[in-house]
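Take UniProt numbering: the final residue in the sequence shown is number 59, and no numbers are missing along the way.
Please note that the accuracy of each hint is not assured.
Unchecked claim - Derived DEER-like restraints, expressed as beta-carbon distance ranges:
no.	residue 1	residue 2	range
1	Thr46	Trp16	17 to 25 Å
2	Lys15	Glu52	28 to 36 Å
3	Glu53	Asp27	19 to 27 Å
4	Gln19	Gly56	35 to 43 Å
5	Thr57	Ile18	31 to 39 Å
6	Ala51	Ala7	18 to 26 Å
7	Gly56	Gly22	34 to 42 Å
8	Asp27	Arg49	16 to 24 Å
9	Asp23	Gly44	32 to 40 Å
10	Lys48	Gln19	13 to 21 Å
11	Asp27	His6	17 to 25 Å
12	Arg49	Asp23	15 to 23 Å
13	Asp23	Ala51	34 to 42 Å
Just so you know, the hints here were simulated from the structure itself, not pulled from any lab data. Ideal Cβ placement from N, Cα and C applies to all residues, glycine included.
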Amino acid sequence: RCGCAHAKAARGMAKWFIQNHGDEFSDEEIYGEMARWYALWYPGPTVKRLAEEITGTLS
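Let the sequences and hints guide you as you build the complete structure.
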């Protein structure tokens, strides 16, 4: 765990989802929603990861 602002934001987002929607969504659904936000915050790394998954060249 790093102490960078983005890490704090991600933990805050997870906490918000659990507090406000924890009874509506499974952990997997919350994680999926967080992944969508990460894709918006960090489009470059997201595209790279998806390309590696598609081509089978994961690091």
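Do the hints match the structure? See the list:
A hinted range of 17 to 25 Å for the beta carbons of Thr46 and Trp16 is consistent with their spacing of about 21 Å. A hinted range of 28 to 36 Å holds for the C-beta pair Lys15 and Glu52, which are about 30 Å apart. At roughly 22 Å, the beta carbons of Glu53 and Asp27 sit within the given window of 19 to 27 Å. Roughly 39 Å separates the CB atoms of Gln19 and Gly56, a value that falls within the hinted 35 to 43 Å.
Distance hint for Thr57 and Ile18: a CB-CB separation of about 34 Å, consistent with the stated range 31 to 39 Å. Between Ala51 and Ala7 the Cβ separation comes to about 24 Å, which falls inside the hinted range of 18 to 26 Å. About 36 Å separates the C-beta atoms of Gly56 and Gly22, a value consistent with the hinted range of 34 to 42 Å. Between Asp27 and Arg49 the C-beta distance comes to about 21 Å, which sits within the given range of 16 to 24 Å.
A hinted range of 32 to 40 Å for the beta carbons of Asp23 and Gly44 is consistent with their spacing of about 35 Å. For the pair Lys48 and Gln19, the supplied restraint of 13 to 21 Å is violated, since their beta-carbon distance comes to about 32 Å. Evaluation of the 17 to 25 Å hint for Asp27 and His6 yields a pass: the beta carbon distance comes to about 21 Å. For Arg49 and Asp23, the Cβ-Cβ distance of about 31 Å falls outside the hinted range of 15 to 23 Å, so the restraint is violated.
At roughly 37 Å, the beta carbons of Asp23 and Ala51 sit within the given window of 34 to 42 Å.
Violated hints, listed in ascending order, are 10 and 12; each of the other numbered hints is respected by the structure.
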